[in-house]
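Kindly generate the complete structure, drawing on both the sequences and the hints.
Those protein sequences? They're chains A and B, same order as listed. Note that this note's numbering gives residue 206 to position 206 of the first sequence, counting from 1, and the numbers run on in steps of one. Note that this note's numbering gives residue 132 to position 132 of the second sequence, counting from 1, and the numbers run on in steps of one.
If you are wondering where the hints come from, they were derived from the structure by calculation, not from laboratory data. Not one of these hints is a red herring.
A few chain B residues facing chain A, derived, Cβ under 7 Å:
| id | residue |
| --- | --- |
| 1 | A52 |
| 2 | G53 |
| 3 | A54 |
| 4 | L55 |
| 5 | R69 |
| 6 | P74 |
| 7 | R76 |
| 8 | A78 |
| 9 | Y80 |
| 10 | E81 |
| 11 | R82 |
| 12 | L91 |
| 13 | R94 |
| 14 | L95 |
Cβ-to-Cβ under 10 Å is the rule here; a few derived chain B residues that face chain A:
| id | residue |
| --- | --- |
| 15 | R64 |
| 16 | V70 |
| 17 | W72 |
| 18 | P77 |
| 19 | L79 |
| 20 | E87 |
| 21 | A136 |
Heads up, the beta-carbon is just placed ideally off N, CA and C, and yes, glycines get one too.
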Amino acid sequence: MTRVGLLLRKDLRVLQRSPLLVALLVVYPLLVAALVGLVAGYGSSKPRVALVDEDNLPAVAQVGGRTFRIADAIDEVGKNVHLVRMPADEAARQLRAGRVVATLTIPPGFLAELRSGLTSPSLVYETTRGGISTRVTQQVQALVYSLNRRLQSAFVRADLRYVRLILHGGTATFAGRRYDVLGLDRMHALLKRLPPSPARDKVADFARVAGIALGQTGNLLSSTASPIGLRRAGVKSRSSLLSAQVQAYALALTITFLALLLAASAIAAERDENTVGRLARGLVSLGEIVWAKVLLAAFVSLALGLAIALVFGVIVEAGNVIGGEPWQRLPLLAVGVVLAGAALGALGALLGALARETRTASLVAVLVVMPIVFLGLVPKEVAPLAGWISEALPFTHAVRYFASSLYDADPWATVGRELAWLAALGAVFGLGARWATRRLLD
Amino acid sequence: MTGVVLRARGVARRFGSQVALEPTDVELRSGEVLALIGPNGAGKSTLLSILAGALAPSDGAVERPEGGRVGWVPQRPALYERLTARENLELFARLERVPDAATAAEDLLASFDVPADRVAGTLSVGNRQRLNVAIALLGAPPVLLLDEPTASLDPGQRRRLWETVRDGTVVFSTQNLEEIGLYATRVAVLQRGRLVFDGSVEEYERVHAEEVFR
Chain A
1 MTRVGLLLRK DLRVLQRSPL LVALLVVYPL LVAALVGLVA GYGSSKPRVA
51 LVDEDNLPAV AQVGGRTFRI ADAIDEVGKN VHLVRMPADE AARQLRAGRV
101 VATLTIPPGF LAELRSGLTS PSLVYETTRG GISTRVTQQV QALVYSLNRR
151 LQSAFVRADL RYVRLILHGG TATFAGRRYD VLGLDRMHAL LKRLPPSPAR
201 DKVADFARVA GIALGQTGNL LSSTASPIGL RRAGVKSRSS LLSAQVQAYA
251 LALTITFLAL LLAASAIAAE RDENTVGRLA RGLVSLGEIV WAKVLLAAFV
301 SLALGLAIAL VFGVIVEAGN VIGGEPWQRL PLLAVGVVLA GAALGALGAL
351 LGALARETRT ASLVAVLVVM PIVFLGLVPK EVAPLAGWIS EALPFTHAVR
401 YFASSLYDAD PWATVGRELA WLAALGAVFG LGARWATRRL LD
Chain B
1 MTGVVLRARG VARRFGSQVA LEPTDVELRS GEVLALIGPN GAGKSTLLSI
51 LAGALAPSDG AVERPEGGRV GWVPQRPALY ERLTARENLE LFARLERVPD
101 AATAAEDLLA SFDVPADRVA GTLSVGNRQR LNVAIALLGA PPVLLLDEPT
151 ASLDPGQRRR LWETVRDGTV VFSTQNLEEI GLYATRVAVL QRGRLVFDGS
201 VEEYERVHAE EVFR
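Below, the structure written as structure tokens:
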């Protein structure tokens, strides 16, 4: 067996004798992944938005001849954002303090303007910059879209009453005055009583064509108000908990935590146990010591990564989840797990060599894991700097590799690119670790 | 290196701005037992680590026996605490390329009377130190470097240790002046990182030991 192999076997034997540590290393990141998922889910579902009602909207309002319950509309919004009623000055104060992420103001005269149907009233929306403001803006836009959809049908119905009046005639009230409208039908009947003439026939023909055209007005008004509709199809899909992204994140988070901590503490332990000097006197080179720790991280990552994939797969199969588990992709996943584990192991070895003591190395590794993971979770479009930093860390590339290798129809381009990233980052961190390992001898 | 089995030429070591060892020349001939003495912080462990190859010198070079390594017993035991005594010996024997690692480990366990299958971290201080010495003897190195090897041993254990190693070529550091008269053939004295004396035991005895440790 090679010298690296002997050291690797030793480290695995030491690890085997610490079952509690191994259990913690497995359970802790999975727990963190679940908590992150819960917090993210909570955060995404209920941002706090102030509602300032300067028009004193009644509980029930009549618009376009249709009754609207204001509370229902607010409940509808409450599915996505937590709307809190408050005065304007309090809303402004809370927005400045960051207690609410946005304010939505109903200006004075809003309902009267809406009822008039002559002009479109506006809701006034203010939000903080950055963070989740983009998402909140989308949710407020969705609220306005939803209100417009409800109002649109009331307005169309009101418009159609006028169209029917023109078609069939009758009495109507407009701007407070009562009118008796002849209507095209009655006009047609009156025309028939007139003596025949080309002029009468032309007017009668116009009345007929106008009647046909106005008969189509209902559909035209509806399609003009909503050229494209959105209908939610009732197709059964996989739970978000078992989605490709969650599997990829859970795998990457666990491996990041495990590989960093293991490699960092294993290399620092060589100094704590005073063995690095014994090894370095010609038995094993410093580079071989780093290699042994990198391989330790890769080996344990592989074992754990496959176990996690297996557990996910069993749950997916047992639940008869749509899409199933892509078992044939496990070898491809395994390649990525090994390389991600090695790259993260190299980073861990670098941290461990810099920290020099096992306790410090473990603490540093734990402290470093969280920023690495959270940087990888922040979308680049929200925080470009975070995106750039996370590109230089293995976590992001591991997530992309895992998701692509498991679920992309044609994963090769992504897989190849991310493998190259992981290999390059592993080489850089490995060289850094080799350089830093000299500190262990001081 | 006729007769000389270990030679250091101008070896020095700095840790940042601190000088731990000034340029030092040391030669060791076959069969010699060199006692390295001096007060705490004089540079004894630094010199021994450099001679062993466990620490790179900032300046100078060390010539070691051709093709062979020196055995090194650091002051603080260098062993894996979660491995048993046997596993430690077998691992280092394989790394030393000892032909039959298991037999070599078994022989040393018997010679040093160390509990074979107890995890090293649970051994007594004396047993850990004996295991530390046993690991250094793997592969029968032509030169043995011992850094205060008997500091944590009782008188019986000290005697047994010296019975095992005294027939070879040895450099040992000690604070126990009695050991110089009993085992050393030559004495080197370090003070504040500088070699201030290198001569026979008789020459050394003409200098008052208290002067050395002052």
